[in-house]
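Chemist: Listed here are the chains, written in short residue letters.
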Amino acid sequence: MWACSRPWRVGRMRGIQMITRRPIDPAVVLASVSDDSAGGTVMFLGTVRNRSHGKAVAGLEYDVYREMAEKSMQAIEQSVRKRWRVKKVAMVHRYGALKVGEVSVAVAVSSEHRADAFRACRYAIDTIKGSLPLWKRERLEGGVESWVKGTRIRR
Amino acid sequence: MRVKVLYFAAARDAADSRGETFVLPDRSSVGDLSAEICRAHPAMKAMSRSVRFSVNLELVETARALRESDVVGVLPPVAGG
Chain G
1 MWACSRPWRV GRMRGIQMIT RRPIDPAVVL ASVSDDSAGG TVMFLGTVRN RSHGKAVAGL
61 EYDVYREMAE KSMQAIEQSV RKRWRVKKVA MVHRYGALKV GEVSVAVAVS SEHRADAFRA
121 CRYAIDTIKG SLPLWKRERL EGGVESWVKG TRIRR
Chain C
156 MRVKVLYFAA ARDAADSRGE TFVLPDRSSV GDLSAEICRA HPAMKAMSRS VRFSVNLELV
216 ETARALRESD VVGVLPPVAG G
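If you read the sequences in order, they're chains G and C. If you read the first sequence in the numbering used here, its first letter stands for residue 1, the second for the next number, and so on. If you read the second sequence in the numbering used here, its first letter stands for residue 156, the second for the next number, and so on.
Keep in mind that the hints were calculated from the coordinates and are not lab data. Fair warning: there could be bad hints in the mix.
Stated by the list, open to error - Residues from chain C that face chain G, not an exhaustive set, calculated with beta carbons under 10 Å:
#: 1; residue: F163
#: 2; residue: A165
#: 3; residue: V185
#: 4; residue: V206
#: 5; residue: G236
Unchecked claim - Below, computed lysine-lysine pairings styled on PhoX-like, alpha-carbon distance capped at 25 Å:
#: 6; chain 1: C; residue 1: K200; chain 2: G; residue 2: K149
#: 7; chain 1: G; residue 1: K129; chain 2: G; residue 2: K99
#: 8; chain 1: G; residue 1: K129; chain 2: G; residue 2: K88
#: 9; chain 1: G; residue 1: K129; chain 2: G; residue 2: K55
#: 10; chain 1: G; residue 1: K87; chain 2: G; residue 2: K129
#: 11; chain 1: C; residue 1: K159; chain 2: G; residue 2: K71
Don't be surprised by glycine CBs; every beta carbon is placed ideally from N, CA and C.
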């Protein structure tokens, strides 16, 4: 786990933002937004579901345009900061092969008061879904594979 | 001029390639490149209306003019999260 091999320094200036092939450790994402001036922290975890449109899912394979996705994450943080008063913003998205139950995406936001953290976290995950160059391929039980129907990428 | 094209997800399947270089007349646009890509890979035609393009990591419209050495991403509809 990258979380263990890269120890986290408390008091870092920014939350983690990265695209990674390795398993996501939610505790590390959470720790990266800790801030003494924050009174609330909200985290969202996206996980691989075992069913899709009534069919049993064996796993997912994510493809990503990594450099562009990491740049898009920076743009999302800027846009969060224009809208709400937040302390730190973390966004981590995995790619490669994932099994049912594994974390595919984590978003964490800390703020002085909870309302800003809830709204900013919701906005960040919704924006990640529509604006990051990421694609998922579903592997169904029985061996059928297909790209999940997506939405046209927007800024 | 020469531009580098990168294919992702369903576009990679349609082009049967991760990426390749195209040689285009000067002052070509992203739309011109898109037409060239469809000529080279007829399987791309079916998705050409839903695809968007990036130039040097930035999302662009098809009217965008290309320059020597630009890196163009061919981006099918996205499904992250």
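Chemist: For every hint, state whether the structure bears it out.
Modeler: Hints, one by one, checked against the model:
1. F163: This hint holds: F163(C) lies near chain G, its Cβ roughly 6 Å from the closest one there, short of 10 Å.
2. A165: Since chain G brings a Cβ to about 5 Å from A165(C), closer than 10 Å, the hint holds.
3. V185: Violated - the Cβ of V185(C) stays beyond 10 Å from chain G, reaching only about 14 Å at its closest.
4. V206: 9 Å, holds
5. G236: 4 Å, holds
6. K200(C) to K149(G): Holds, at about 17 Å.
7. K129(G) to K99(G): With Cα atoms ~20 Å apart, K129(G) and K99(G) stay inside 25 Å; holds.
8. K129(G) to K88(G): 20 Å, holds
9. K129(G) to K55(G): 22 Å, holds
10. K87(G) to K129(G): Within the cut-off at roughly 23 Å; holds.
11. K159(C) to K71(G): 19 Å, holds
In terms of the numbered hints stated before, the structure departs from hint 3 and from no other.
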